[in-house]
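A.B. asks: Chain by chain, the residues:
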Amino acid sequence: MANIKSVSKKTKAQAMGMHTEVLTGRTQQKFFNPDEAENFYYFGTHDVDFNKRTDLDVKDMTAAEANKEIDNLMGQGYGTIVIKNPQGKHSLGVGILNKLNLIFEGSLGYFGMGSCDGPIVRINGRVGWSCAENLMAGKVVIEKNAGSCFGAAIRGGDLICKGSVGARTGIDMKGGTIIIGGDAGAFTGFMMQRGRIIILGDVGINLGDSMYDGTIFVGGEIGSYGSDAVDAELTKSDQDWLKRKLKVAEIGENFDVSKMKKIVAGKKLWNYDNLEPTEKKGAI
Amino acid sequence: MCGIAGLIHRGKSSKVGHELQGMLQALKHRGEDSTGYALYGDTDGKNFIMRFKVGENVGEGSTSVAEDVSVYDERKKIVDSYLNEMGAKIIKEERTLPYSLRYEIEYNKKDLLEFSQKIESIPGVEILSMGKSLEVIKDLGNAKMVCDRYNLDKLVGTHAIGHARMATESGVDIKSAHPFWGYPFSDVSVVHNGQLTNYWNNRRALENKGMRFMSECDSELIAVYLAEKMRDGASLEEGMKESLTGLDGVFTYFVATKDSLGMAKDTMAAKPLVLYESDDLVAMGSEEIAIRSILPQEIDTYDPFDGEVKVWQI
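Residue numbers (the working numbering), protein chains in the order written: chain U, 1 to 284; chain L, 1 to 314.
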């Protein structure tokens, strides 16, 4: 494979080898081959040094200006960036696609850290709606509370809120782990498809409503179960995993994981039996 | 999408007009068709303050029909004569804009129903608020434009709620703008973010019970709904809790009275609200940036949960 830094825009997608369309029949996906890593270039990424640190005061910047400046700093090799005075601005830190230590000294508004892949982020405040939506990899830690739709549609990574979160946490999530130190609102895990949610406190009504798959662990009271969300046995393996995850998340140090409830999909809403065998593979 | 904001100082007064202007202006991206303020000012509590309009703002973006200014003068004259008939004495009169007036009135009867019905029987006249401390000011444009137009910056009081509106279900005019007065109760106002889906069913039922609607804005239903509950003896908080099941749709709303401020969030938690609470101040808004406009320092805020009702006293 050619080094795609040097190929034309038209052929970049094909050259990356990530998506090779078969024009007849169903689309097939060719996964990334580690042997070709040296030729792989992830657009919008930079080589950064974690020991190279700088501050960025965004008080008088728009979100677009702040995000562009973060990108500029990464381009200069800064691997640790401290954001001062975010003051509830929306859409800060979105679209970061490489390793980076990012620290926010304050709170974020809506859509903070959306569509990221790889950064380690600590937010020393609160976040608004839809924090870390579509997170693909990395770790985002919120020291205070979070709004609704926390971790919507994440595909990977660890998303940790040490306080409480609003409604629809983990809606449509397809992977990764969401850990909540406090309580969570209604419709937590709504239509989740894969991944795990851990809530140490109480959770609101309609937990796991219409979930396809995935697992939810709850330490406190459950307001009510959603459609097709059912209890499952908490195994020794589950407990070991929970202990490891909580330790990494730096919360619930003395939390008794053996008393947590485990909720999974009853799979009664699954409609896969109506699919053709080849379609089932694609759907799952 | 609309934006709402509210604040209450506990144990002191402040420039609530200026503070609310900052909060609403921070939310202007949520809608700037119109902006409304319900301000609870420091008064001696002796006289009523009546904010009313004798016409509409027909400026750019308005869905109202233009009228000759002389019509406004005629309507004002009739209002003055009706006030005289009902034994209400005008102590002070301000005409901020041709269509918008503020009267300080000496009026000793407690029941405002008959009073309001008489005044609003004049075509084109609507009482925006009637209270001992409440003043509802609403007009087209964003928060700063309305604040500047009505000189609200210096108004001192204890609490306030406001609304930045993106018109979706009714016209761009003052009558459809929030806040809504909790007619016929003095000093009650409401702002709402969301959509109510059983508006017409509730409206028909409430009109049959003698309640009045001035607009076709679904949000007005909340003010009328709560007023009807209070008329039947319920407390504000009881009325708000009943509204969680009585009103269908998605909503976050604020209601304020002479000495309190409340919030309610629907059982789906579909509409946003961020809340800051300390011993001497409660501030809340659709987005955190509204609160940050008056509290730039790092503070603890949170989202109230689904089906939550809270009421604070001054």
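None of these hints come from the bench; they were simulated from the model. These numbers come from a predicted model, not from an experiment. Misleading hints may appear alongside valid ones.
With a straight-line cut-off of 25 Å between C-alpha atoms, the simulated PhoX-like cross-links for lysine-lysine are [claimed, not checked]:
no.	chain 1	residue 1	chain 2	residue 2
1	L	Lys118	U	Lys162
2	U	Lys59	L	Lys28
3	L	Lys77	U	Lys59
4	L	Lys175	L	Lys77
5	U	Lys144	L	Lys310
6	U	Lys267	U	Lys139
A.B. asks: Determine for every hint whether it applies to the structure shown.
C.D. replies: Status of the hints after comparison with the structure:
1. Lys118/L with Lys162/U: violated, 57 Å
2. Lys59/U with Lys28/L: This hinted pair holds, its Cα atoms lying about 19 Å apart.
3. Lys77/L with Lys59/U: violated, 52 Å
4. Lys175/L with Lys77/L: Given that 25 Å is the threshold and the Cα spacing comes to 21 Å, the pair holds.
5. Lys144/U with Lys310/L: holds, 21 Å
6. Lys267/U with Lys139/U: Distance of about 30 Å is beyond 25 Å: violated.
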